[in-house]
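Participant: Residue-level listing of the chains:
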Amino acid sequence: MDTDDVSEDVDEPSDDKEKKEEKIEQNDQRSVNQKTYHDFAEKYHESFLKQFPKDKRDELGWKEKNFVNRVDRELEESLTDMNHLGKNNKMIDKLMPVMPMGKNTQPENKSGFRADKGTKTTITPASKKLVESNPLVKIQHDGLREAWNALPDEQRDLIGEFQIRAIDNEAGQYTGGTYNHSKKKLTVTLHPRANMQNVFNNLHHEIGHAQYHKLMETSPDKIKKFNEAVSLATVWGNNVTAYAGSYRGAKLKAKQYMKSAIADLDLHIENSKKHPERFQPVPDGYREKSVKTLTRRIENAETIYENETHSALAQLVTGTNTHDINIVKHTKKQPAITNHRGIRKEALEELFNAYKELHE
Amino acid sequence: MKKYPRIDQSNIVTLYFDEDHKPVENEDDADIIEKYEFDDKGMIIDHETIDV
Chain R
113 MDTDDVSEDV DEPSDDKEKK EEKIEQNDQR SVNQKTYHDF AEKYHESFLK QFPKDKRDEL
173 GWKEKNFVNR VDRELEESLT DMNHLGKNNK MIDKLMPVMP MGKNTQPENK SGFRADKGTK
233 TTITPASKKL VESNPLVKIQ HDGLREAWNA LPDEQRDLIG EFQIRAIDNE AGQYTGGTYN
293 HSKKKLTVTL HPRANMQNVF NNLHHEIGHA QYHKLMETSP DKIKKFNEAV SLATVWGNNV
353 TAYAGSYRGA KLKAKQYMKS AIADLDLHIE NSKKHPERFQ PVPDGYREKS VKTLTRRIEN
413 AETIYENETH SALAQLVTGT NTHDINIVKH TKKQPAITNH RGIRKEALEE LFNAYKELHE
Chain W
673 MKKYPRIDQS NIVTLYFDED HKPVENEDDA DIIEKYEFDD KGMIIDHETI DV
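In the order they appear, the protein sequences are chains R and W. Every position in the first sequence, counted from 1, becomes a number in the working numbering once 112 is added. Every position in the second sequence, counted from 1, becomes a number in the working numbering once 672 is added.
It should be emphasised that the hints constitute simulated quantities derived from the structure, not laboratory data. Here a beta-carbon is modelled for each residue, glycine too, at the ideal position from N, C-alpha and C. There's no promise every hint is true.
Distance windows between CB atoms, simulated [to be verified]: (1) W:Lys-694 <-> R:Ile-439: 33 to 43 Å; (2) R:Pro-393 <-> W:Glu-699: 26 to 36 Å; (3) W:Arg-678 <-> R:Glu-188: 44 to 54 Å; (4) R:Met-203 <-> W:Gln-681: 41 to 51 Å; (5) W:Glu-699 <-> R:Glu-133: 50 to 60 Å.
Make the full structure from the sequences, and use the hints.
Facilitator: Here you go:
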């Protein structure tokens, strides 16, 4: 036996060795996904250039031309990022919690989507027609199926209906993904002039919502702890993504509404005491009931931000998105309602730890 | 007689965003409206996104 082998076995505690192996396994799994996604993104960009050749874009209306040019730029940028495994990939890989993805054993249904009997996959006839007739939408559809099929069984099991929607409005605004918890329905929308990577991100983002909702039901204490960790880690900015940060102002807005609504009510109460003939009396208990409702609304607004932060983390851990994150050394001290200044790596690490604890 | 100001007692949080998903103040400026309905325990029971 080689002496080096002996010293390695003796020096490395078995727990550390196990963790290292898990990390390698997880990174392998993510890089397999990244390769798959990269191949689809490349194929998509080629097809996009065929469908919208650069020298023929002047024939499009100005609005559509701008839209197509913007998507083209985004596709090029995301491919460059993907070739370098994402601008923050190394840092994020280092901070990423060791979380095995879980088994992926479910059989494919007739349409090639892995699912158990409890999950149906649907597509409307109009969307199906668009998938069949538009090569870009077809690539998106097939890429989405790959991403869905790469999920662990337990994540697919959260979904009662996985709906694929395809639309083709010229330069129109649309929502990439939604999750309706009461119906357990997850929808991803395909659009021929969208960034391919968004399709993958939208799926992982919505899966994050499904997980969060489920945990609210099954482990409210864990959710409470996660939410507290989010509040602490995201003080003064530190939003995981600009998208998650866009929900931050909801709490402040709810607070401002409460302040002004209760002030108006108090003024009316005062006036009605002085001039009962001119001011309608406020029913007994109405003020208390309103304070309770509006206080709850402030808490609910905060939950929306925490839920979105969870989904942004899920995009990283489950998927491949490292592009929307801006890791910075310092965050500027200002209320991060509309401004996204990035996230400190210490804050991201705290959030990863909270995410891991939530899913253990 | 002046009526007392009514306060919306629903468990719905409504958010307004522009096309880049930046928050905007009111419905008139919004390209996207998101509505979240909560139950009394603070659980999200419904979520609707409307593209204006």
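Participant: Name the hints, by number, that the structure is in violation of.
Facilitator: 1
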